[in-house]
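Student: Residue numbers (the numbering used here), protein chains in the order written: chain A, 1 to 389; chain B, 1001 to 1373.
Keep in mind that the hints were calculated from the coordinates and are not lab data.
Cβ coordinates follow ideal geometry from the N, Cα and C atoms, glycine included.
A hint or two may mislead.
Said to hold, decoys possible - Derived list of chain B stretches under chain A, where covered just means 3 residues or more per stretch with a C-beta under 8 Å from a C-beta of chain A: (1) 1173-1179; (2) 1263-1273; (3) 1279-1293.
Said to hold, decoys possible - The following residues of chain A were derived to be distant from chain B, with all beta-carbon distances above 10 Å: (4) ASN68; (5) GLU75; (6) LYS160; (7) MET169; (8) TYR240; (9) LEU261; (10) LYS275; (11) PRO282; (12) VAL309.
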Amino acid sequence: MFRGKRCVAMLLAGGQGSRLKALTNNIAKPAVAFGGKYRLIDFTLSNCINSNIDTVGVLTQYEPMLLNRYIGNGETWGLDLTYGGVAILPPHRHSAGGDWYYGTANAVYQNFAFIDKYHPAYVLVLSGDHIYKMNYRLMIDYHEEKGAACTVAVIDVDKKEASRFGIAMTDGDGRVTEFEEKPANPQSTQASMGVYVFDRQVLLDYLVRDDRDPGSDKDFGKNIIPAMLAGGEEIYAYTYGGYWRDVGTVRSYMQAHMDLLGKRPELNLNDEGWKIYYKHPPMCPQYIGFGAVVENCLIAEGCRIEGTVRNSVLFSGVCVEKGAVVDNSVIMAGGTVGTGAVVINSVLDERVVVDSGAKAGGFDEEIHIIGSGDRVAAQGKRAVTEEGG
Amino acid sequence: MDAVGIILSNMNDGLVAEMTKERTMSAMPFGGRYRMIDFVLSSMASAGICRIGVATNENYHSLMNHLGTGRDWQIPRKRGGLSLLPPYSRKDYTVYQSRLQALNGLKSFIELGGEEYVVIADGDNIYNLPFKDVLAFHKKTGSELTAVGSRMDFSRLSARERTIFETDENGRVRAMKQKEYLQGMHLLSLNTWVIGSALLTELLQQAQKEDLASFVQDVVGRMCEKRRVFCYVYDGYYGSADSLSNYLMSNLDLLDENVRASLFDRKGHPVYTRSANAPSTKYLKGARVINALIGDGCIIEGEVVNAVLSCGVHIKSGSIVENSVLMDDVVVENGAHVHYVVADKRARISEGATVAGYSKQPLYIKKSGTVLA
């Protein structure tokens, strides 16, 4: 008999992220590429293993194929374990029916058998599409110390941003007195990061009750947390002070990339003590040619730079030919910027080709997205999608 | 491929003694992200050689750490897999010194899988060798032993004893010579061989009986006289690191697009390595980079010209690095000048320091060493 786990993580990865437009056409939001090397889910999975949490259920639903392939057996994050490790948990049928996941709470509820396989004291609920480095163990210690039924990780946000989030009001001790999901008039600026620690038994009780409520949206922020408050459970807020972003829109996605540039970015990816693990393509190191200009940018393996790259993030295997200029842009894996071509204020999805002399984006306020496999031709901005691209 | 692979990881350690104090030559960092052994191991793995043994002698911790289970090279692990083969230590047996002794110690490993052929290679060859073609050549020519060679311009290489082949128009080896001083083009032995398992076993037994000393001189040499030995001529890029200057030169060879294409762009045959999980390399304002191959996780604030940088190198502002190879996590402080240098891992060049060697005699900075101004 194996010993039990102190904590099992349930990672919600079924979201579409429709406000990222073309970037999530064919992939779930947690599989969206980020930072030259990563997919969004790398941050959460790396946080788990770095926090010594080695049992993670990944709840998938929307466009799971790429995400499933990427997660594989979890080896990338050292989560390929015989007892524990990562398990992909898709919606499934069972003797009593079974259905799609109706909301975040329902997804966890439908997979409670997975949690119970490991007899954990705590269940950590996470989102797979946030960019941050967080030691969940410290939060679980805090939860234990407070003797809480549930602990919600909160971060201080801008007052005008607050209505986008679940907002917690707390007393002097950090105990949550009120919790409102996306309030019109937020009473505080403590926003929920969608990171929760629950006592396993309390969570199960409320999930069972929530499942019987036909009016419920079956959502942690909207239903479970308020129900627990109403039920008199002790909920504590755990304040996180580091860099955290939910890149819900193209603009915030772009901004999060720009945040990585410069000498001392808020999110330090060069931190030896808290690496973010990722699947490394077998490509040779980047080559910077004669006449290249590379300033204030991040460049990944396999890139070949002969032109000018400024204020940009280039993923693996991107070629920037002679005389080409890339500025204020994100170019994902396998992109090509032809001789004399220009890419400004743009996000180029994977394998985009910008023909010689062509121009993508522009100096307006817009952030231009070129979909994966698209080709930007030299005349005008006519984009042609390759068959099956 | 019906062959077992044997990689001899430390046959040439003595040639670059300064770099092999704490590692075998196969574990030397190379080309911005690799270790030397990655090239032969990737070549074997992508040719479908499922069972590969890496013979080690001493100082192999670094190599073990790099190789792990071999999964980074996509070697199937349930049928075959990668085995590290340190020497058996017995009272009547000293740790091996030669290829012949090494192979003798591996007899049981070689016989274990029952493959028809054995592929033997030194672990410090920089190539992307199509082992499938080598085996096909071996079969087609009816060769008993196939040696792999590459036509090299010897005037480029620093002088040392090397093995060359002389062949007839069919590729049959007519003579094998070991020469120290050579100029011009010759067919250089890449210390890579294909031989039938049964024949190898027989030859090793014979050699042991006669107390022969050298695999190349005695066993291969004798075969060239009496048996069918052919040379497969590899026409891709071949680099070696058999001296400090050759190590620098082979690294800088990778700045040539054709060399990179030959090594890294063979379709379906990438060069695998272990990931350091480093983030992307960051270029800050003031960075100036010309003709450089740069690994992941570097931070570049200064000037880099004609250089190869491994993972995690930090070039601070006002510094200049030229014609040099900097291994993992080297730090070049503000205003330092670095020319014709091979800096081992974690070396630090202090603020304002100038370090310079020559192309034929680069300056070596030892692992974790500090150069003061």
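Student: Are there hints from earlier that the structure breaks, and if so, what are their numbers?
Tutor: Numbers 1, 5, 9, 10, 11 and 12 - these are the hints that the structure violates, sorted from lowest upward.
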